[in-house]
Structure formats: structure tokens, C-alpha cells
Amino acid sequence: MPAPTQLFFPLIRNCELSRIYGTACYCHHKHLCCSPPYIPQSRLRYTPHPTYATFYRPKESWWQYTQGRRYASTPQKFYLTPPQVNSILKANEYSFKVPEFDGKNVSSVLGFDSNQLPANAPIEDRRSAATCLQTRGMLLGVFDGHAGCACSQAVSERLFYYIAVSLLPHETLLEIENAVESGRALLPILQWHKHPNDYFSKEASKLYFNSLRTYWQELIDLNTGESTEIDVKEALINAFKRLDNDISLEAQVGDPNSFLNYLVLRVAFSGATACVAHVDGVDLHVANTGDSRAMLGVQEEDGSWSAVTLSNDHNAQNEREVERLKLEHPKNEAKSVVKQDRLLGLLMPFRAFGDVKFKWSIDLQKRVIESGPDQLNDNEYTKFIPPNYYTPPYLTAEPEVTYHRLRPQDKFLVLATDGLWETMHRQDVVRIVGEYLTGMHHQQPIAVGGYRVTLGQMHGLLTERRAKMSSVFEDQNAATHLIRHAVGNNEFGAVDHERLSKMLSLPEELARMYRDDITIIVVQFNSHVVGAYQNQE
Amino acid sequence: MFYWLLSVIRRPRSSRGWQKWSSARSGASAAKAHSVALPAQAQVVICGGGIMGTSVAYHLSKMGWKDIVLLEQGRLAAGSTRFCAGILSTARHLTIEQKMADYSNKLYHQLEQETGIHTGYIRTGSIFLAQTQDRLISLKRINSRLNVIGIPSEIISPKKVAELHPLLNVHDLVGAMHVPEDAVVSSADVALALASAASQNGVQIYDRTSILHVMVRKGQVTGVETDKGQIQCHYFVNCAGQWAYELGLSNEEPVSIPLHACEHFYLLTRPWETPLQSNTPTIVDADGRIYIRNWQGGILSGGFEKNPKPIFTEGKNQLEIQNLQEDWDHFEPLLSSLLRRMPELETLEIMKLVNCPETFTPDMRCIMGESPSVRGYFVLAGMNSAGLSFGGGAGRYLAEWMVHGYPSESVWELDLKRFGALQSSRTFLRHRVMEVMPLLYDLKVPRWDFQTGRQLRTSPLYDRLDAQGARWMEKHGFERPKYFVPPDKDLLALEQSKTFYKPDWFEIVESEVKCCKEAVCVIDMSSFTKFEITSTGDQALEILQYLFSNDLDVPVGHIVHTGMLNEGGGYENDCSIARLSKRSFFMISPTDQQVHCWAWLKKYMPEDSNLILEDVTWKYTALNLIGPRAVDVLSELSYAPMTPEHFPSLFCKEMSVGYANGIRVMSMTHTGEPGFMLYIPIEYALHVYNEVMSVGQKYGIRNAGYYALRSLRIEKFFAFWGQDLNTLTTPLECGRESRVKLDKGMDFIGRDALLQQKQNGVYKRLTMFILDDHDTDLDLWPWWGEPIYRNGQYVGKTTSSAYGYTLERHVCLGFVHNFSEDTGEEQVVTADFINRGEYEIDIAGQRFQAKAKLYPVTSLFTHKRRKDDVELSDLHGK
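Top to bottom, those sequences are chains U and Z. This note's numbering puts the first residue of the first sequence at 1, with every later residue one more than the last. This note's numbering puts the first residue of the second sequence at 538, with every later residue one more than the last.
It is possible that some hints are incorrect.
[Claimed, not checked] Distance condition first, Cα-Cα at most 27 Å in a straight line; then the derived DSS-like pairs of lysine-lysine:
1. Z:Lys843 to Z:Lys889
2. U:Lys90 to Z:Lys599
3. Z:Lys697 to Z:Lys981
4. Z:Lys981 to Z:Lys846
5. U:Lys97 to Z:Lys846
6. Z:Lys643 to Z:Lys599
Don't read these hints as lab results, they were simulated from the structure.
Chain U with its partners taken away, still in its complex shape (with noise of 0.2 Å):
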């Protein structure tokens, strides 16, 4: 039967792939989401130990796995039309051009496409993009989370507040105090570029101002009077620790309000990665925490494309980071702190925002849950602790920040979370969004030439090509493009239409054995601004 070998062929390469971590933990935890997030056995690649395996394993497992069975016994069901495909593909995608004024102040960034194809339910990954009002520059970040979404999405709604009251100068932090103080209106700080479908939580918002104002608060105490450079690096790093540890000091000090004391500690004891690229002028600062990607796509003189890495995976496949981490612990945990390519074998990447169960002590987990709401306390996954826990923390969220001085070639950056790069190799990345964004997917054109070439050949050849084309003009965002690719490609290289409907219409609870979350943002930089700096210079 051909169908079912197809579509079992991305589940065997992505075994291959295999990274992610222990998820199974999610199916205990769905009173955490709204609705019940599941993956199935296959597909999680966990710790074959079996102990942990009879513990975490999903009670359901045996039904999903024949649910599994039947479906791949009955192939044909699923068809979607090429609108159908398209109105899922685009369903999230956002698009946002740098409006120009008169040629005066021109940003070196163009503009940016994002996009988003979620695999769980609901998805886990977020995203977010904003424009710094009281400094220069732009930032950009992909976020996925892990053991729910509550996490990603209050790092996607806070991180870029962190990182802009760190770049601030002193005097703009004392006005938007002084500001808050008399109750006059606040400065703007962000512009934010959201897709409809981005929220941000109005319950916590209080809470998390009132958690910021305590950070520029600090800033503005430690201030010693001289005036220095701001450090983007430095800021960014400064940004990334203090939101982690407020998201876990919030979860410790509880909310009287129960929602909140609910959600804080929701955010601190699921997980997410975070992958920021802060922009200014031809300055470029990537600052990742975790295994989503930033990749910088550079047009080579003879037109053709490079991929460029400006981020490192913390994960098993890292290896300074597994040697950090063996560095970091006793001697004899060495073994035991990375097994079967997890931290302490159970989470794969190595950096993260929240997880508090790789951070805290055990004492003080066990506070925390016992006094915390009962919904917590019901839960196993919570409960559990991690075995070989002896000398936390095992985790940081404490982010890699790599410099990049943009240069006329460099024409774009993609960052993506993992479910696009354990699916498609960077250099095809970087092809892919390229020849998009130069319009170089139309082949070489056809001149008739000398040839002997009939009405009907012609018609028959231009046909072809234009079928080829047709994912690119169906299109009108880099990232939505990628995705097509990223879903759809077939052993070739070219969007199948057929594999596209099919991995599209796969119920929800399969789609996760499938794919994972993909979210991309793809940033245009703009050539002529960036080699003006440079002919400045």
C-alpha cells in the first residue's frame, strides 16, 4: 500500500531526527491548557528506562496507537483542496513593511513575514515583533514552549519589555518613572507588530508591569551617575535572567487573586526557549536560550545563497554545552546530567525560560505545590521530581548572545523554532526564502530559438512550469512560503501538493507524531541602507 508508507516515511526520518523533550509528562497536565494537548507514544523518542516509561506513558496509549492503525489502513480520506491548503497555511500569517518617509531615517530593515503551523493543540510555540520607540532598533523572537503554552506566551508578552527598559538610558527610565509616580501618561516604549491571533493576557497584565517597575526601579538605583554606553549584549543577557527570575519569584510569592496564583504557577513550571534578534542600523544581536534557530541567508557574488548560523543549540548535540553542564555539576552526576541526549534524561533543550523543576530545590518544589492551588496538587507530572535531582539548578535561562555587523549581502535572517529545522536543512532554507524574495524561482525562460517546436509542445511545457511556480505565486509571505516547503516537500525538493493535503488534514491528536509547532519569522534587511553605513564608514 503506498499511501500509508508515505506518510509513515516522515515519522521514521523524524525518529532519526529525534530531539524534543519528554512530553509525555503533557497528557497528565492538560488541565493546565484548555484543551487536552496529547502525544502519542511513537512519537515522543522518550527514555526507554522502564520505570519512567510506565510512569509517564499515556494511560490511552494502547487506543491511540490502534487509532493509529486504522488510520493508516484507510489512506484516502483526507483531500484538501488547494484553497483549503491554503486558507490552513495562512491562517496566521503576518506580514509588516518598515513604512518609508521620504528617504530620510530609513530603517535597515525592510520589513518582516511571519507565520505559524501548529502541530499541538493548542499550539505551543509564540512569536512577537516590536519596534523600540525610546531607543533605535527592532526586535524579533520565536519562542516554543514545552509542557503547555503558558510559558512561551507570557515570555513573548514580557521579554521585549525586559529588553527595551535595558537599553533605556537612565534619564528616559527616571521620566517613565517619575511618569508612573504622578500618574501622568507613560512614554511608549514598544510598537508592537502582532497578528490578530497574538494575544496578550489581560489578567496579569498589572502583575507583570508591577514586576517590570520593580526592575527599572532597580536599574535606576544602580545607576552610578555616569553616563555609560549602553551594551546591547549585556542588556539583553540582563533582560533574559531577570524576567526568569521574576517568573519564578512570582511563582513562589503567589497572587491573592486564585486566576493568577493559578497562571504564575503555570508559567514557572512549564517551559519555553527563546530565540531574539535585536536590530539596529547594520548592528545585528541574536540572543538565543534553547534550540530554536537564527539563521542569517547571504546572496554570494555569483547570486547564489549561503547559509549563515548566528545561534547555537543548547541541546545533547552542543557539545560545549554538555560539557558546561557536566562542568557546572559534581563529578559524579556526570553521567547522569545529560543521558539519552536530555537534561538529567528527561528535557532536551539545555536553556529555558520557566521549568522550574530543573531549578529549584526539591524543598522548595514541594512548598510550593503543597501550598499551591489543588489543581497543582493533583498533578503528577508537578509532583514528580526528576530523577538523579541533587544539585540544582541543572537549568538557566541565561541566553547565548552572538554580535553580527550586517554587510550589503546579508539579505535576510530567519529565525524559526525547532519544527522547521528538524525538517528542512538550512542551506534549503536559506534557498528557499531567497529565491523567493528575489523572484529567482522563475526558471530559466524559454526562447524558441531555432527549433521546431509546435503550438501544443509549447503549451504542453509552459503548463508544467507553471504548476511548478504555483507555490510561489500562491504566497505572498516568505514565511508561509517556507512552511509549504517545510510541510509539503517530497523526496525532490518540490511542494507536493498530495503530501501537503495530507499532512494538513491530519486529525489533531496524529498531527503531533507528524510535525511539530513551526513558527517563522523571516527579516528582509534593506541593501541600500546597510551599504550607505558602510560606505560611511
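Once you have looked at the hints, place chain Z on chain U.
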């Protein structure tokens, strides 16, 4: 001078048409021209050796002008003319275009005989296919109009189409139009023949000579500067095709010629094994966006795709159109369409895909006439892919224009002065032509608006009105409200509301009209052209008395409706002039008169620093308060009595409205309804509008648009310039003798013509027709240009039409002629002649009975008396 030229033409030709592309390059004889020095001066210098330039030269020399020089930057007939598909088609939407094409057809037909040069003229006829009923309606409308100007054509069935053309797939057709006298011809050879005939008449032709710029002194052409030296001249004709825009800009005082090129593709095939007969008809499949003609036993087929590729936006000025890239992928939809229409073509071999840029204009009509800013600077360009069809006729009209001062037909629709500098932005042109090119084959339905290049000029109230549901149309770049969609109403999408029948806004406009009749409405009419003429002494009055046909020496505060006539007594403009003071006048003209009227006034106004003409269009927002309650609204806002005793009709006064002072209030509405026009300095516009709306609320005020205005004015038999009136219609022909000061013993332009006309009688008469047996819901709606039949005889065409909501009938305005039954000569039209006829209006081939009226229906003028106006005297017997 023309020896070299003739030698080019007389070279042996074993093959026809296209194959001489290569041979045309071997200009050994043309090289001779290099050695010849340019003349130092000439009467006329024509730029461009394509079909337009040679046609103008041909006609000018025919009319007896000598001393004409034609300059071509490359070789003769080497631009678009060389690549032209060679189809001559008379089926055009405008009557003037039909006439030009018809004349071209006749001219080219006899050209070979006249010059001895083979032009490849073959009368093939053409067939226009209709895949939909709407397309067939469109064809039927053209068919009716072609027939009445003497061009044979008929609507035929698909079966007949198959008989006429053996290769066509006719299964998806609902009908077609056959025009048997259309032809194919080699356009390059036509241009060469015209050039040859012109040079025999003394026109000097120089190729490989580029014009750098045109020299102008005091607004008058004095000569041209070329790369080979200067030529002094009185007239310059810009026939530079795609380069006309750039050439116009190269002047010190730029001449704005808005046109832009798009790539255009057509396909050439090798011959069939059994070649097609040379007289196989040309096919136009507009729904499939393609045309097909036979070409040397094979096929030539091109089209106007939905996604055109504009080029040369930056003004890349290469000498000739080099062979541009063939783009097969771009041509694919047209090729599919072609193979669907002629499936047997599959096996035919491709010879070439030709890419030949064509020029397009912002409104799909060509550009001809004199520049408004530079006297003696004439233009003929922007042919929208119909250069060959129009070439002969357009050249003739332009030559007449130069020789006589005006062409023999009204060409306002094509006049360069319909455009101003505001249409000359490169971005605008680039965007607009991308809409225009597909439009060539799109269905043209009534009240169609361009979608690109919008929101350029707007009233300060634009956003306010837009938020209240205004739907917009554009005139001369200005956004005007058509009607206001109530919040609860959903109109069809643009595509779907394209109809030849009752439109979806019918009820909306009805309620606006009703409100105008019973309460009060506001229409933003800021787009109207507004001039102020002031002087220190009586100069303003004197010049205006000479330029305008009505007596303007009226008491201060009075408004006069008057025409601005030409020597023939025809309307150059129809306007309202208010006398603001002894020495200053405020003039209101139609929107599209901004350039034309200005040029006309400037032409006649003496150089006098004490006489000032100012364009104040942008300074005033105009609100039209229409309806019986306008009086109440205005008196409440101004605390001044506005009743007819205090504020008589056609009266103008500056007063305060709300807080704003200095509002020009005029008691006229352009519709015949009671009400006022408010001319408001723009900074007060929002205030006055808000005040009017809030005070008006208790009188039932609402916004209205131009469709309501149009219905009101046509119902009242108010003719508008540009639609009903043109340069060939006189006041006497539209019953406006009372607006002419013939008996005052004053001279004015056109007086002699009018006096003569008064004595001899008029040869046509503007008449109002009320359609009798027309079902508004089910029948096709009239638009304009429908033939009028009197006792079964064709007597003229309608000029505008609207549904009269009060009469509950369709009303058409149109001119009635009296053609002699024997000779076809025009005879005098009397009131009796009009009144004694039985009339029918032909809408797309279907005739509807109509009542003819020379005067408006009087019952419309007796306004409903308001209840609180009833007084005792009403009970008196009269």
C-alpha cells in the same frame, strides 16, 4: 530630398510585410540622408516617422501646407509601427474613434493606387466573439452605432461564425458580430506609402535625426534643437509614440503628455500545410483576451492579458524598439486561450513570439491636440494599441486642427487638454496603464470607474463622507461621491455589479433623489473648476463680454449662466459666472475644464498686469444644498432670511454660515431644484459641513451623490458640457437662445455664426426623450450613444441618460438631425419637425418608444407646497 526615401520604398520586394524586417535594416540608401544638411527653418516640424507622423505629414501636405519637415530618430516606420499586428478594426466604443477608423480604412484602401506602394491591404472582415450574454449586449451596442454611421456590420449566430472561419471552436459562443469591411494591412508599408505621398507633395523627411528639445519663447514654439542642428519653425507636432512623454518633458516648459508603454506579445506561426486563405476573417475573442489573424498562411495571435508588464517607466530612451525578451510564461494564458479557440493549431509550428511595446493612456483614449501651455505645440500619440486603425483619421483631424484652427469633428474626448500636469506622474501612469491594458478586452459596462490612481485630489470632507458610506468616482483626479450606501445595506461586489441592466444602487439613489425633492440633501461638489477674474478697471468685464455669449454686465451679486463659444458658435465651455463686485467675477466650470478653459482664457486675455486670472479651485470646498428645506437650514445657520424675496434665484452673496464668515452662497443647484451652492474656504469646510448636518437633522437632511444629481438634472433637461454639449453644439441648438446676448449689439466670439444660424435655422436640436415602453427592472438600461430613430429613420444619438425618479421613466437627452431622405444632407430642424415625429431609441438593437420634448416637463417645477406655507390667499380664486 525624398529620393532616398523612394529608393527605400522602391527596393525590390519578393516578399511582403513582416519579412522585410531584416531588409529594412539595410539602409544603404538611407545613409545618404546623413550628408544632407537640415533646413534652417520650416513651417512645421513633425517628430516621429511612424504611422502617426507620416499621416499628419500626408494630410498637412494634402491640405496645401508647404514647408513641412519630418524628423525620425531611427528609421521610418521602425517603432511600434513596424511591429504592429496590422489589424484595422472599426468596431470601437466611441463614435469619434469609429469615424477615425472608418476613414483610415478608406484611406489605406486606396493608398496603393495613389502611391504605387504595396501595402498588403486585404479586406478580410473581422468577427468579434461573445462567450457571454453581457459581451453580446456590448457587441450589439457597437453594432447599432456602426450601422448608423454607415459601416456595415451584423450580429451573427455561432453557426454562422463556423461557416465564416473553418478552424474556430464555436461551442462556447453565444453569438458574434461580423464587420465585413475590416481589413488587415502592413502598417510599416502604410507608413512608408504615406511618407512617400507626403514627400511627393513637398514634405522633407530626415531619418536618424533626434530632437533634443523644442524651443519655446513666450509660450510659442519657435524651433527645435536636434542632434544635427536647429530648425526654426512655427508648429511642432509630437508624434513620438512611446517617447512622446519624455519628449514633452524635455522642454524648458514641460508639456505633459500622459502615456506609458506596456509590453505586448503576439505569436507568429509557420504556414499550414494548406495555407489559410488570405481573406480569412480576423477574430477578436475578447472574453479569451486574444485576437487572431491569418499571416502568410499561418496565424498571428496576440492579446491583452490581465497582468500587463509596464516598461520604460524610468524613460529608458533607446533609438528603436530592439527585440525585447520573449516571455513565454507570460504568454501562457493567451496561448491556452488560443488553443481553446482553435484546437487544430496544436500541430502548427511556432515561428516567433514578438514583444512589441504599446503605449496606453490613463483613460484608454488617444491623445491629440495643441498643448495648453505652448502654442504651436501639437501632439498625436498614445494610441492604446489601435495606432493603425486610428492613424489615417487621427492624422486628418490633427491636420485640420492645425490648418483651420479646429477639426471637423468634436474631438474633446481625445483632446490633450482633458489632462493636466496631475496625470503626468510616472507612478500614476505606471499603475494606471496596468489597469487600462486589460480593460481593452474587459467588458465595458455603464458607470465604470478606474480603480488605480485614485484618491489623488480629495475634498477636506473626504474621510467624513467615506465613513458615512460614500462610494466614489473619479473625475480629473478628483474623488466625487456617487451615492451613499446606508449602513444596513450590502451592495454587490464590484465584479458582480457590472451590469447593463438595473444596477444595485437603484433604490439608494432613489431615496437620495426623494430627499432632494422633499427635504434637503448635501452633495460635495468641490471638484468643479473655479476661476476668479479681477481687474483694476473694466478690463475684466470687457474681456469676459467678448469671451462669453451671455451678458455679464449685470448688477453685482447676480449669477449668469453662459457659454464660452468658439468662432463657430459651439460651446468651448458652459459655466456659471457670479459677479462678485464691479471688477471681479467668479467662474464655475465643469471639473475637466480646468486645463482647457484656462488655456482658452489665457489665449484671449491681453497681456495686462491689471487683469488677473486665478485658479481658485483648490481654495474652496463646494457644498450643494438641494431641496425645499435648504432655505430653512441656511437661515437657521446664518440668522438671515433666505426666502426668495430676500435671496432671489441666481444670486450670490458672501455671508456667515455657523461661525464661519466669508462663505459664498449662491442660489442655484445645477439641477433646477431649489437650494444653494456654498463655496467655503477650505479651512471652514468641516465646520460648515458639521453645522449643516446637525441643524439639518430636523429637516431630514442626508448626504447625496452625483448619481442623484445626474438624475435630477437630466429629468429637468439640464444639459452638461462634456456630455451633451461640445465644441460643435451651439446655444441655439439646445434651446438656450435666452442665454445669448444677440440683441444687445455687443460683439463676442461666435456671434456671427449664431446670427447666421438664427437666420437659417438649426440643423440639429437637443431633445429630451422619455422612454415609454421601457421596463426598468427587465430591460437594458440606456447609457449614451444610443441611436435615435424618428419615424423609423435614424436622426441622431443620445448624449446622456438617467432614470427620472419623479417621472418614473428613463430620460435620454440627444440631438435630433434632419437628414434628407434622398441625399442624406442635413436639413433645418424645426420645433415642428421634432414634435411631429414618432421616436424610438435603439438600446443594443432593441428599440423602445420615446416621447420627444423640447422643454422640460413643467409639472416638475411646481414644488410641493409646504404645509406651514399655506395661507389665506391660497384660498382666493385666481
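Subject >> Hints the structure fails to honour >> reply: Going through the list in order, the structure violates hint 2 alone and respects the others.
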